[in-house]
Amino acid sequence: MAKKDAPPRWDRRMQQRLARGEAAALGELYDRFASLVHGLAHTVLGDERAADTITREVFAHVWEHPDTYDPKQGPLRSWVATLTHRLAVQRLRATETAALAQGGHGTTEELERKVRHASVAARADYIVQAMPVPLRAALEQAYFQRRDYRQTATDLGVTEDEARRRLRLGLQLLSTAHDADAPPGYGGAV
Amino acid sequence: MTDAGRFEAYDEHEEEGEPKEEQGYEGQDGPEKGDKDASVSDSGGSGKGYGSGPRPDPEEPPRIPLPRASVEDTGRPLPDLVTDPVPLVLEHLVLKSLLGAWALAACSPEETLAVETHLGGCGSCADEALRLREAVGLLHKAESLDLDPALRTRVLESCLERRPPRIPVPGWAAAYDAETARLDALLQDFGDAEWHAPVRLRWFRADEATSRRTTVAGVIAHLLTVDGLAAIALGLDDPLGDVEADRPTPSARTEAYWRASHFPPNRSVRAPWREQSHDLVRTVSFTGGQAGGMTVSYGDFELPLHDAMLDRAFECWVHAEDIAEAVDYPYTLPSARHLHDMIDLGARMLPGALARRRRNGLASPRHGRHLGLAGGPGRSVRLEIEGSGGGEWLIPLDSPAAVGSAEHEVAHVALDGVEFCRLAAGHVSPTEAAAGQVGDREAIRDVLFSVASLSRM
Numbered sequence: 001m002a003k004k005d006a007p008p009r010w011d012r013r014m015q016q017r018l019a020r021g022e023a024a025a026l027g028e029l030y031d032r033f034a035s036l037v038h039g040l041a042h043t044v045l046g047d048e049r050a051a052d053t054i055t056r057e058v059f060a061h062v063w064e065h066p067d068t069y070d071p072k073q074g075p076l077r078s079w080v081a082t083l084t085h086r087l088a089v090q091r092l093r094a095t096e097t098a099a100l101a102q103g104g105h106g107t108t109e110e111l112e113r114k115v116r117h118a119s120v121a122a123r124a125d126y127i128v129q130a131m132p133v134p135l136r137a138a139l140e141q142a143y144f145q146r147r148d149y150r151q152t153a154t155d156l157g158v159t160e161d162e163a164r165r166r167l168r169l170g171l172q173l174l175s176t177a178h179d180a181d182a183p184p185g186y187g188g189a190v
Numbered sequence: 001m002t003d004a005g006r007f008e009a010y011d012e013h014e015e016e017g018e019p020k021e022e023q024g025y026e027g028q029d030g031p032e033k034g035d036k037d038a039s040v041s042d043s044g045g046s047g048k049g050y051g052s053g054p055r056p057d058p059e060e061p062p063r064i065p066l067p068r069a070s071v072e073d074t075g076r077p078l079p080d081l082v083t084d085p086v087p088l089v090l091e092h093l094v095l096k097s098l099l100g101a102w103a104l105a106a107c108s109p110e111e112t113l114a115v116e117t118h119l120g121g122c123g124s125c126a127d128e129a130l131r132l133r134e135a136v137g138l139l140h141k142a143e144s145l146d147l148d149p150a151l152r153t154r155v156l157e158s159c160l161e162r163r164p165p166r167i168p169v170p171g172w173a174a175a176y177d178a179e180t181a182r183l184d185a186l187l188q189d190f191g192d193a194e195w196h197a198p199v200r201l202r203w204f205r206a207d208e209a210t211s212r213r214t215t216v217a218g219v220i221a222h223l224l225t226v227d228g229l230a231a232i233a234l235g236l237d238d239p240l241g242d243v244e245a246d247r248p249t250p251s252a253r254t255e256a257y258w259r260a261s262h263f264p265p266n267r268s269v270r271a272p273w274r275e276q277s278h279d280l281v282r283t284v285s286f287t288g289g290q291a292g293g294m295t296v297s298y299g300d301f302e303l304p305l306h307d308a309m310l311d312r313a314f315e316c317w318v319h320a321e322d323i324a325e326a327v328d329y330p331y332t333l334p335s336a337r338h339l340h341d342m343i344d345l346g347a348r349m350l351p352g353a354l355a356r357r358r359r360n361g362l363a364s365p366r367h368g369r370h371l372g373l374a375g376g377p378g379r380s381v382r383l384e385i386e387g388s389g390g391g392e393w394l395i396p397l398d399s400p401a402a403v404g405s406a407e408h409e410v411a412h413v414a415l416d417g418v419e420f421c422r423l424a425a426g427h428v429s430p431t432e433a434a435a436g437q438v439g440d441r442e443a444i445r446d447v448l449f450s451v452a453s454l455s456r457m
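Each protein sequence line maps, in turn, to chains X and S.
When we follow the UniProt record's numbering, the leftmost residue of the first sequence carries the number 1, and every step to the right adds one.
When we follow the UniProt record's numbering, the leftmost residue of the second sequence carries the number 1, and every step to the right adds one.
For the record, the hints were derived by calculation from the structure and aren't laboratory data.
No residue lacks a Cβ here, since even glycine has one placed at the ideal position from N, Cα and C.
Hints are not guaranteed to be accurate.
[What the hints assert, rightly or not] With the C-beta cut set under 8 Å, the calculated list includes, among others, these residues of chain X facing chain S:
#: 1; residue: L26
#: 2; residue: P75
#: 3; residue: R77
#: 4; residue: W79
#: 5; residue: Q145
#: 6; residue: R147
#: 7; residue: T152
#: 8; residue: L167
[As the list claims (entries may be wrong)] What the simulated footprint calls covered on chain S by chain X, stretch by stretch (three residues with Cβ under 8 Å from a Cβ of chain X suffice, anywhere in the stretch; the number is not a length):
#: 9; stretch: 129-141
#: 10; stretch: 152-159
#: 11; stretch: 226-240
#: 12; stretch: 277-288
#: 13; stretch: 386-395
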């Protein structure tokens, strides 16, 4: 849920409360980030139960090691997303490798391709969620509602120039999902 | 083509802006290693996979259309878009600005043609065009990710096992924590239609079913204002702010809040409700296990803080069911442990409710023999709750001060746990509640009507 509290302040306070061992803070952390964490894990792993497991691991990690987050390095949300991404990709690689070792079909290259594909897809989902609302709204109209950019401009009450700008900028942000194999660029996209 | 092909193609031009000799356009039919070959080899570009519109011939220099008078300047009606696109002449910057819309196929046919013609001759635009079109491939309908509400409890429990909290959420606040989280998850994807869906709040007053019409947002406002009673007791801000309620009761506060807003409540009520519920859980965590002897005033009566938090959990669940029903969503029961705590609260409140009904002349008079002196055994009804969260309670009939006694049991009433809760919420009538009954009819009737009298707006 979008709170108006300035993020850095909320993030710092959350970290302090977690460090202090406040169970209520853990609940709030879950309420704010669970759908992000579960969604990203699900995109990477494509499996509900595996995503549940990653969700448990991510929150356990934050709860057990709140000091590993440094507010100066960026928002807590990005950090949680990066952590989720790392754990989910690790798990995907581990399960695929195990399947391969047990005589499953495919090659190591295919495995890497699959991992990479999942990784990009997860980053893309995150970028869409995290991008400024006006950009996301423009993409929503043009892509999902199949409106052309003039209709999009009308729908959003902006000029045609602005609609074109938003569509282009939104896609530019999204295209960074392909960048940087590691570490995932959850901080830099927006 | 394969994904690998796409990623490789992509990797070749991570630097933006510089035209590259070889562009891995999305070769849709190229063999795995053939992407580059299948794409353009000169600085022009037929660009496989560019989609709509006629493609310029790669053998010829990029076609530069002649200027034409715009039909918009002639005052005549614009031609139908179905006709063949007429090439437009647009400046580089305009064409560049169109790339996003082009990648999304959100341009007019004329613009599409102009962009595609331009891409043949402009490396930097072609580069970006490819990048943006690949980005479009990453868009997809967000799956409706309804998180399993039970996952929250599982995740939090496993965390707390690994590192026990120094400041735990008290057991008596756990149901409130869980129920508010469940309701918030239900609200997650609500659009305006859901927020304004009509809801009828139902409860019993003086043995009569009564109701009040509101909306989903109105229900959340109701929860906000009544949870506010606990907030006030804990020294937090009153969500009513400057709004004056006639009386400090749940219904008067709710009506005052509804009246004071210039517009009907809408989705904006969710954030303050959720923030307050988080604040309550956080704050009660610091009161210690016994709630520090604090009480919450409901205007007409008081509850100890720990019971008030159970009461708020119960109300949250009941109204979440009202909301779910109004928008036709499924909603599950609270966990057995929380349900049991809520039923236990209801059972403990029954002797007081019986006394109140009797004072109001609604219940049968006390019976002389076992008045149930304070702390002593009294005439009792055995309340057996079956199913999830169930148990057995002995309800003293004649005095809240008496102790329920198996020896003085005059009747036995059995209800399903959920049925008991619906009765206590005022959602089923005491005469219609499915209850197994043995013994003193009058005593059972008093008990069932007293359960219903626990309900309020």
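| message | If you test the structure against every hint from before, which numbers come out violated? | response | 2, 3, 4, 5, 11 and 13
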